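Use these hints to put chain F onto chain Y, whose structure you have.
Protein chains in written order, with our numbering: chain Y, 11 to 322; chain F, 11 to 322.
Honestly, the hints are just simulated from the structure, not real lab data. Being a predicted model, the structure only gives us computed values, none of them experimental. Incorrect hints may have been included.
Below, a sample of chain Y positions facing chain F; criterion: calculated Cβ distance under 10 Å [stated by the list, open to error]: (1) Ala140; (2) His166; (3) Gly273; (4) Leu291.
Ideal Cβ placement from N, Cα and C applies to all residues, glycine included.
Protein chains: 2
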Amino acid sequence: MKTYAYGVDIGGTTVKIGLFKTDGELLEKWEIPTRTEEDGRFILPDIAEAVKAKTEERKISPEDVEGIGVGVPGPVDDSGTVLKCVNLGWGIFNVKDSLALLTGWRVAAGNDANVAAMGELWQGGGKGAANMVMVTLGTGVGGGVIVDGKVISGSHGAAGEIGHLTVSREETEICGCGKKGCLEQYASANGVARLAKRYLSGNDQETVLRRETAVGARAVFDAAKAGDAAALAIVEQFGEVLGRALASVACVTDPEVFVIGGGVSKAGEIVTDVIRKYYTLYAFHASANTEFRIAELGNDAGIYGGVSMLLS
Amino acid sequence: MKTYAYGVDIGGTTVKIGLFKTDGELLEKWEIPTRTEEDGRFILPDIAEAVKAKTEERKISPEDVEGIGVGVPGPVDDSGTVLKCVNLGWGIFNVKDSLALLTGWRVAAGNDANVAAMGELWQGGGKGAANMVMVTLGTGVGGGVIVDGKVISGSHGAAGEIGHLTVSREETEICGCGKKGCLEQYASANGVARLAKRYLSGNDQETVLRRETAVGARAVFDAAKAGDAAALAIVEQFGEVLGRALASVACVTDPEVFVIGGGVSKAGEIVTDVIRKYYTLYAFHASANTEFRIAELGNDAGIYGGVSMLLS
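Chain Y extracted, bound-state conformation:
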C-alpha cells in the first residue's frame, strides 16, 4: 500500500477532491468547477490537472500515490463504464480507463450514492460494520447496500434504489420515476414537505407551520423538536413510512446498521428515533435490534468513499 490517494466526487456543479493518506486521514480537500459544456469533455482533464498540480505542490512523488477513486452521478458498471450521466453531459465511455490514461495512476469508479456509502463504512457512521445500508434523505431518497464490506450494484445497476420501494397503493401523485407511492415521495426532503402540505390542508389544527409560506423538511423537524403537535404528527408519518420500508430492506440483506444521511438527517436524533420506533414495529424479530446511526461525513462521504473503493 502506497502512502497517498485521491478521492474525487463529481457533482453537476463542482468536483470535490480530497488528498488522503491511505490510512484514512484526510490531508486536504478542495473543489473545482464541473465544466459540463461540450458534452463534459473537460471534466476528467480538469481533474487530472488538479491532482497532478496538488501532487507537485505537496512535493509528493507520483510513485507514492496509490491512485484515484471517483464517484459519478449515474450508473457505473463493474468495468468502470458510465452508462449515462445526464447532469455531466456524458454518454457511454469508460471513465476508469480514461482517467488512468490521463494521470498514469490506478483508478476506481462507482456510482456516487454507492461511493458515499463506502465512505461512511470506512470512516463514518458505519465504521466497523461488514453489512450496512446507507440511506440518503436528500432531494430524493438514495441508497447504498453493503454486503461483506462491498457495495453491491445489482444486475442492472439498480441495487440500493430503495427510494423506489412502493410503500403506498393509495398515492395519486406521480414519483419522478414514473410510478406512484414510492418511498421517496414521503421520506425525502421534498417528501416531508409534501406530507406537511397534505397534513395542514386536511385540518385546522393550530401550528407554527402555518406561519411559513412554503413548509420545508427543516421547518417540520424544527417545529417537532419544539413540541408542535402538528409537526410531530407529520414526523410520525415520515417515520412510519421509512421505518416500514427499512424493515422490508432488513428482510432482504439484514444489515447490522442503517446509516441515515442527506439533508433531512441534519435534524439529528429525532430522525433516527422515529425511524427506529416504526422499524421495530415492522421488523422480523431476528433483525429487530439493528442500529440506526446518523451519517458522519456529510458532503465528504464521496471523497472518503472514492479512496475506500480504490483500496478495497
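Coordinates of chain F only, in the frame set by chain Y:
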C-alpha cells in the same frame, strides 16, 4: 478438487442425503429418519454413519471425498453455529465442527432455504446467474438471496426472510412470526388457502371451489387454469401481493432472476405469469425486465445446494 461430495438436507421428519460427483452429477440419493428425541442428539451421528456406510458400500476411498454440505431448518451463522432449530430439538452448537469431528471430512453448514437457493443457482433454475433471489412458496414463504454467486446470511442470520416483508397494514390475523400483514400470510400455500376462504365468504359467486370442503392452493390454481372466475380473482390477489413484494426486493439487490420454488410453484407458469404481471407494475424501471423462472430441482435443491456451498 476431489471426486465426491455429500449433500445433506435435514428436515423435521427425514434427512435427505445425496452422493454427488463434484462436477454436479447426482449419483444416488436416499433418506433416513430424523430422530428428534433427546434434543436431537442422534441426528448428526446418524448422518455420519449413513455417509460412512455409503462410502464403504460404493468402495470410495475417504480421501476421494471433498466433504459434506449440510442445510438445517433454522439460522446458521458464518462459523457454522446453529442458533436454534426448534423442529430438531437443537439448541446452540457448532454443527459444522461437530459433523467434521464425526466424519473426518470438511463440512459446510447453512440455513436450508439459503442452501436450496445455492442448489438452484448451481444446477437448477438460476444456473448461470450471479445475482439471484430464490423464493420458496411452501407452508411458509422462504427466501435465499444470492449476490455475486454467494448466498448472504445477514448480520442476524435473517437475510432472505422475505416471507416477513410487511405487505399489508390492514391484516387482522397474526403471522407465525408474531407480526401482522407478512407476505407469508398471502403467498404461501396456507396463504393462498386463506385468500380463497376470505374471497369465498365475501360473495356468492358461483365457483367449483365451493364444492371443496377445505380449499387449498392446488385447488385454486387448478380451477384458475380451467378458467374459473373466482379462482382467477384469487390468483390475481396472490400475484399482486407477491409481485409487489418482489419489486421491493429488486430495489435492494436487483437480481437478474427470481427462481420460484416450493409446493405452490408446481402449478407452473400461471404462477410466474401472474407474479411477473404485478412485478412489472411496481418495479423500478431499470429492474423491470428481471426474469422469473420456476425452480427445477424440487426437493433435491437442498442436497445440490449443500454440495454447492461446500465447493464455493
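message: Let me make sure I understand: some of the numbered hints might not hold for this structure. Which ones are they, in numerical order?
response: 3
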